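So the protein sequences, as listed, match chains A and B. So for the first sequence, the working numbering puts the first residue at 12; every next one is plus one. So for the second sequence, the working numbering puts the first residue at 12; every next one is plus one.
Certain hints may be false.
Claimed, not checked - Computed far set for chain A versus chain B, every beta-carbon distance over 10 Å:
no., residue
1, GLN51
2, GLN67
3, ASP183
4, ASP196
5, SER247
6, SER299
7, ASN331
8, GLY375
9, GLY386
10, LYS445
Said to hold, decoys possible - Examples of chain B residues toward chain A, derived with CB under 7 Å:
no., residue
11, GLY99
12, ASP102
13, GLY307
14, THR400
15, SER402
16, LEU444
What the hints assert, rightly or not - With beta-carbon atoms standing in for the labels, derived distance ranges:
no., chain 1, residue 1, chain 2, residue 2, range
17, A, PRO21, B, GLU443, 33 to 43 Å
18, B, GLU78, A, MET107, 29 to 39 Å
19, A, GLU440, B, ASP378, 23 to 33 Å
20, B, ARG456, A, GLU384, 23 to 33 Å
21, B, THR355, A, SER217, 29 to 39 Å
22, B, ASN39, A, LEU231, 31 to 41 Å
23, A, ASP72, B, GLN449, 28 to 38 Å
24, B, GLN449, A, ALA437, 33 to 43 Å
These are computed hints drawn from the structure, not numbers from a lab. This one's a predicted model, so the numbers in the text were calculated from it and none came from an experiment. Glycine is no exception: its CB is placed at the ideal position from the N, C-alpha and C atoms.
There are 2 protein chains.
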Amino acid sequence: MNLKHLNQAPTEVDLIIEARWLATAVKNAPLLEHYSVIVQNDAIVDLLSTALARSQYTSADTVSLDEHILIPGLINLHTHAGMNLMRGIADDLPLMQWLNEHIWPAERAVVSSDYVRDASLHACAEMLSGGTTCFNDMYFFPQATAAAINQAGMRANLGLFVSEFANSYANDADDYLQKGFESHDSWRGNSMISSSIAPHAPYTVSNRTFEKIITYAEQLSIGIHTHLHETRDEISQSETQYGVRPIQRLAALGLLGPNFTAAHGVHLLPSEIDMLSGHGCHIAHCPSSNLKLGSGIAPISSMLKNNVNVGIGTDGAASNNRLDMFTEIRLAALLAKGVSEDPTTVPAHQALEMATINAAKSLGLDDKIGSIEIGKKADVVAIKLSDITISPCYDPISHLVYTCGREHVTHTWVAGELRYSNGLYANIEPMELKEIIQKWQPKLRQHKQ
Amino acid sequence: MNLKHLNQAPTEVDLIIEARWLATAVKNAPLLEHYSVIVQNDAIVDLLSTALARSQYTSADTVSLDEHILIPGLINLHTHAGMNLMRGIADDLPLMQWLNEHIWPAERAVVSSDYVRDASLHACAEMLSGGTTCFNDMYFFPQATAAAINQAGMRANLGLFVSEFANSYANDADDYLQKGFESHDSWRGNSMISSSIAPHAPYTVSNRTFEKIITYAEQLSIGIHTHLHETRDEISQSETQYGVRPIQRLAALGLLGPNFTAAHGVHLLPSEIDMLSGHGCHIAHCPSSNLKLGSGIAPISSMLKNNVNVGIGTDGAASNNRLDMFTEIRLAALLAKGVSEDPTTVPAHQALEMATINAAKSLGLDDKIGSIEIGKKADVVAIKLSDITISPCYDPISHLVYTCGREHVTHTWVAGELRYSNGLYANIEPMELKEIIQKWQPKLRQHKQ
Chain A
12 MNLKHLNQAP
22 TEVDLIIEAR
32 WLATAVKNAP
42 LLEHYSVIVQ
52 NDAIVDLLST
62 ALARSQYTSA
72 DTVSLDEHIL
82 IPGLINLHTH
92 AGMNLMRGIA
102 DDLPLMQWLN
112 EHIWPAERAV
122 VSSDYVRDAS
132 LHACAEMLSG
142 GTTCFNDMYF
152 FPQATAAAIN
162 QAGMRANLGL
172 FVSEFANSYA
182 NDADDYLQKG
192 FESHDSWRGN
202 SMISSSIAPH
212 APYTVSNRTF
222 EKIITYAEQL
232 SIGIHTHLHE
242 TRDEISQSET
252 QYGVRPIQRL
262 AALGLLGPNF
272 TAAHGVHLLP
282 SEIDMLSGHG
292 CHIAHCPSSN
302 LKLGSGIAPI
312 SSMLKNNVNV
322 GIGTDGAASN
332 NRLDMFTEIR
342 LAALLAKGVS
352 EDPTTVPAHQ
362 ALEMATINAA
372 KSLGLDDKIG
382 SIEIGKKADV
392 VAIKLSDITI
402 SPCYDPISHL
412 VYTCGREHVT
422 HTWVAGELRY
432 SNGLYANIEP
442 MELKEIIQKW
452 QPKLRQHKQ
Chain B
12 MNLKHLNQAP
22 TEVDLIIEAR
32 WLATAVKNAP
42 LLEHYSVIVQ
52 NDAIVDLLST
62 ALARSQYTSA
72 DTVSLDEHIL
82 IPGLINLHTH
92 AGMNLMRGIA
102 DDLPLMQWLN
112 EHIWPAERAV
122 VSSDYVRDAS
132 LHACAEMLSG
142 GTTCFNDMYF
152 FPQATAAAIN
162 QAGMRANLGL
172 FVSEFANSYA
182 NDADDYLQKG
192 FESHDSWRGN
202 SMISSSIAPH
212 APYTVSNRTF
222 EKIITYAEQL
232 SIGIHTHLHE
242 TRDEISQSET
252 QYGVRPIQRL
262 AALGLLGPNF
272 TAAHGVHLLP
282 SEIDMLSGHG
292 CHIAHCPSSN
302 LKLGSGIAPI
312 SSMLKNNVNV
322 GIGTDGAASN
332 NRLDMFTEIR
342 LAALLAKGVS
352 EDPTTVPAHQ
362 ALEMATINAA
372 KSLGLDDKIG
382 SIEIGKKADV
392 VAIKLSDITI
402 SPCYDPISHL
412 VYTCGREHVT
422 HTWVAGELRY
432 SNGLYANIEP
442 MELKEIIQKW
452 QPKLRQHKQ
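Just chain A, same shape as in the assembly:
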């Protein structure tokens, strides 16, 4: 018991969340039962048993969740929110046909600041309803994505996209960088948005541009987020063009380090896993997307055993087709077991850590988010474990990972604000989302075939 509260009136706070279970996502921390999260402004100011909390705190906004588990807001470590309206636009196709005949023509036809804002708002709505509070994005027009994030009330790390190829957003690598820095400046002082430089991939970015990116990332003290070793083709193309595999090229350029997050990492040699580990790099594992595009299965058991920090991402809706972290967490855990033929690998609590604290580390935000701890931001999600079709529940964390779906999320708080609850958004009208679909789907459909 906290002595300062003895014989004192309870302290008035902004929000109290009382829950049957609380999984903090702190490594080796026990599951807490009948626990309360005390929130003042945007932060968690106390964590204590509900019995104690009721004697020490009071709030006009007290939410009691008798059949629920609280977890840290999920962090989707690799997204292209601006592609959300291309969900299912082309499935079951070879990668190059998918890109050349469907995705790129559709992008050329519609991608604009307006389109990216609308698609990103739709993605934010999808993610909030599935318990995702923060995402690590990479797409054109990041200021438009930022506008959507501000409306939705989410948190994000936005990639300042760079490639050598012109499109409606930028003309060349320097133009991409210039526009990226303007974006970065535009959200300075916004506590909900941070930046990475996001070179698209080794096959679309030159050595000269990568060298500039390293310099700028150091100057701005921000991370680097790129696609890496997603497909065998990417690797053989690099061997032809550069004489080395992409990761060797990036290592030689000096790109690898603790501020470097690579999406995918499907095809990695043991020596390359050691290299990632040695440099303190991070992997955004995207299991559904890697399977769906026929890329393969990333060796995450080996990565985790070798202390590579692995988070989980959905990738964009054109290659998943759900921005659903519950599906990805379950699949990441199951796939690791199946491939390694070891059912003890990636146990449920580790899968949850990948989707929360590991991702926060990758973004350099682990002092703010990724776990439920005093002093961190109140990004908290409630999941109801008692729906009859998913009963009984013996172990709440394993239940969360192997049994629940995103449809069991009931509340999503970001920075202490309730942004989604039981089908409704604080700042997004369902009609606005419908109008977004009605506006863009016909334009996109023209480029489907």
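Position chain B relative to chain A; hints supplied.
Using the frame of chain A, we list chain B on its own:
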């Protein structure tokens, strides 16, 4: 236009389902739009455009589903419904520890006719709400499962379980067989329940018993359903004990044939796939369970290319932990692409066929169920494709497979009767399911550790 209806009053029928889309699951059949299913008694008597249907038929029970797709009821090709209350009782463990320290002690403690009825009713509720209308089960006390099925109003093929090991249900293989035949006789005349003989696995059933099973299956004209090549251990154990791999042993005994359905088939040599194909055998692919137990990944791309008939199953809730065919269909399609590194393998329509018509073939029920065709039983499921978080929808079948979840199922009809709709069951009270959990979970929990 059907001339018989010209200038005639519309025909009164039992049920008309009008839908925006209809996927029949007939091979190479196009997706139908604005179509109606006309039901009389338990069967589909007509299929025609909604415009025509409105002039030709009338029904007091007309359901209009403007944003939905109709599909044939899903068929779960490998279940242990009686294990539904052991969902998540022990996760992230090696197989033998899982069985010896958790599953078998729990089973010894509770398995009885009462327990199996209750757990099976819970499984039926879970399956109906997720669009499953028929399942291929294997567990003790099948008459208790039949009682649950009759209450729920589902369809099932029940395994007459056989092993050499005594338990509360039977003393030895002959006793299992005897009890199985009593069960089989008990549901004669019940159009919703059929039987297979279900020897548990090659490692729990002797040659002598397998030989009897072949004879009895022939006499009764019923199928055989067993576990096969689920783990590497099973195979090496057979090599030690019998000098051959399990499938070779079963082939030598004469077990393989068009009435033989093997669950799993994770570890199969190319020659063994040829053997399954040559004998017209069926595989019940259980991707989640195979991954979760660390068994591996079944080579279904190769099986399908070699014309092995492959259906999809969830396995029991102790190893999945969802009896959710949507998750399994999606995973089957994605996993096949990822393992083969070919995104064109198992396209969406084929994944749907695996979960419907292929499974019906495996059960010898493809004259009755597995597709939406005139003359077949009206086992029909409606899925709403328009929920905002899963929008937009470009291709309804790919949307169904890659984007939807079981939570988007709105109606489940079995034999023309609406058994589940929007959270409610025709014949199961939520309170009954809650009481089942409250009754059995404490008894099962005692044996968790």
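Tell me, in ascending order, the numbers of any earlier hints that this structure violates.
Structure breaks hints 6, 7, 10, 19, 22.
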